[in-house]
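Go by the hints and put chain B onto chain A.
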Amino acid sequence: MLNVQHINYRISPSLALTDISFDVQPGELVAILGANGAGKSTLLKIITGSIKMNSGNVLINKLPLTYWSPKSLSTFAAVMQQQNQLQLPFSVFEVVMMGRYPHFKRRETQTDEDIVNEVLVRTGIQKLKDRNYLTLSGGEQQRVHLARVLAQISGGKSENSRYLFMDEPSNNLDIRHQHSALNIAKEFAGEGNCVVAVLHDLNLALQYADKIVLLKNGAMKGFGTCADIMTDASISDVYDLPLSIFHPPMGRHPMVMPVGNNVLINA
Amino acid sequence: MQLTRIRIVTIAVSTLLIISVLAGMGMGAVSITPLQIMAILTKRIGFNSAVQYSDVQESVLMAIRLPRVLLAVLIGSSLAVSGAAMQGLFRNPLADPSLIGISSGASFAAVAAIVLGINSISSITGVSGTYALSFITFSGALITAIVVYRLSQSGGKTIIATMLLAGIAINSLAGAGTGLFTYAANDAQLRSITFWMLGSLGGASWGNVAGILPFTLLPVFILPAMAKSLNAFSLGESNAAHLGTNTESVKKVVVLLTALCVGASVAVAGVIGFVGLVVPHIIRLTVGPDNRYLLFLAPIMGALLLVCADLAARTLFIPAELPIGIITSIIGAPVFLYMVVKELKSQKNF
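So the protein lines, in turn, are chains A and B.
Residue numbers are given in the numbering used here: position 239 of the first sequence equals residue 751, and the series is strictly consecutive.
Residue numbers are given in the numbering used here: position 192 of the second sequence equals residue 188, and the series is strictly consecutive.
Excised from the complex, chain A in its bound form:
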């Protein structure tokens, strides 16, 4: 379980977070939504320990973040960042194997190799296994990193849940791979783990998130299930754009669309 309690953070008036609190239960995928510059990535960096908060608490398995050493944390919590800076010609297999680094000392074991191969299949990149990472397209590279973080927190036995943090995992992906990435994340959460994802695409959030954190200018505008907090009013306010949520018939997922003078709506 992940508890975020009253986080405050300020480095300049334009970049500040005030009193952010939410919980992620095992089995849940929580999406962080907000306009550009609302502080989503900063919040994720605080939760994952990359930035120190001014006040507040982050509890992982009921223990404060500072209790965990980076080494022990890395065996059950993985972070998929927005940008990756690999400039050396590693093969896809080698990059994904880096996810297993917290689990072995010098040489990978057969178990590590099995996990990497299984994750490659799960993310649909087994064909790229021996390719040079640098020759891949942006979307393919993104999927390699998804495989890497999954490899990091797969396998073995653990009573406690594992944690996956993702900063805009759908970046660079086509619509099919956006859905497959979020399906994988959702499936991972379903195994009793906690997933937190910063998302840009409201429709993806509506379809996959169990709960949503709404951020505006570094402040919480709401936390709860989609049905509870995703209203026309709340999201229009958060994004400063008139938006409306449509509920298609036959139980399909709700969709968000901009509304305004220049948009024709057949109500």
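I should point out that these hints are in silico values taken from the structure, not numbers from a laboratory.
Since we're looking at a predicted model, the values are computed, not measured.
It is possible that part of the hints are untrue.
Capping the alpha-carbon separation at 25 Å, the derived lysine-lysine pairs in DSS-like fashion look like this [what the hints assert, rightly or not]:
no. : chain 1 : residue 1 : chain 2 : residue 2
1   : A       : K583      : B       : K248
2   : A       : K564      : B       : K247
3   : A       : K557      : B       : K224
If you want a taste of the chain B side facing chain A, the calculated C-beta under 10 Å gives, among others [what the hints assert, rightly or not]:
no. : residue
4   : Q83
5   : G84
6   : N88
7   : A223
8   : N227
9   : A228
10  : L231
11  : S234
12  : A237
13  : L239
14  : G240
15  : T241
16  : R280
17  : G284
18  : D286
19  : R288
Quick reminder that beta carbons are idealized off the backbone N, C-alpha and C, glycines included.
Same frame as chain A, now just chain B:
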């Protein structure tokens, strides 16, 4: 498959190293055959063989050739492994201690110390003299390494252009400073200044070998243990931290050990450029970028390169001797240019 390949490369490079060491000890004005070398060396540990050799051969080998070859092995292996580790730290194959100014920072410190008449240094001879000078060159190397690293990092990324430009700036600043000191220098000092700027193993002695032994062996044995962390570093510093790497200690150890061995090798042999660039590059071409293999093979191939370069430096134009820095630059500069062009092309593809 990968492992077989690494085994083959290791055996091949090690064999070549042994051959080149024998050649380095045997070739020159007085030639000594491999059998004679064996006989002279084994006599020291109490073996008497039937192979005949002269007293001249024995004293040339023991007083001149052997320390010189050992110096080449120590300097070559430590420069190569620290270059490879630097590249891991900067996340870029172009980072090399001589290119980014660490070596010239060290040599400037040495020249400044000598000309400014810290006479005690030149008067201390033998091992303690090497230690004293090593300490000064180490300080110069450490300061430049920290400055360049700080300058080239921005938002957790290495800005390659800044790194290379900072290197150019520091190289020319150190060059100008060294040039300035040449006006204040007397004849003997002038000779040693040239020596520091171009690099030579001509001053090899047992005192030198003992003097740099600890500083060059430390990187060779410690840096390979950081290979996994440096692999993780290639994903960026924060990703490495999320993979459980203690990034601060990796940075400190790599910068410190690099400054240590660059400082020590500059103190006894001057600036020998490009070893840390060329050797890792060749290894990456043959076995790939994995630091676990790179940092293990780099010392062997670095030793090979420097023993061969020194052999060329002293036998190409007998009786004149070329500065070894010129040889390594002739090999290294074209490789560097090729790598820059390749890097530019890969950036265009994005």
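Hints and how they fare:
no. : hint             : in the structure
1   : K583/A to K248/B : 18 Å, holds
2   : K564/A to K247/B : 20 Å, holds
3   : K557/A to K224/B : 24 Å, holds
4   : Q83              : 8 Å, holds
5   : G84              : 9 Å, holds
6   : N88              : 6 Å, holds
7   : A223             : 8 Å, holds
8   : N227             : 6 Å, holds
9   : A228             : 6 Å, holds
10  : L231             : 6 Å, holds
11  : S234             : 5 Å, holds
12  : A237             : 6 Å, holds
13  : L239             : 5 Å, holds
14  : G240             : 3 Å, holds
15  : T241             : 7 Å, holds
16  : R280             : 7 Å, holds
17  : G284             : 7 Å, holds
18  : D286             : 6 Å, holds
19  : R288             : 7 Å, holds
Violated hints for the displayed structure: none, as all numbered hints are satisfied.
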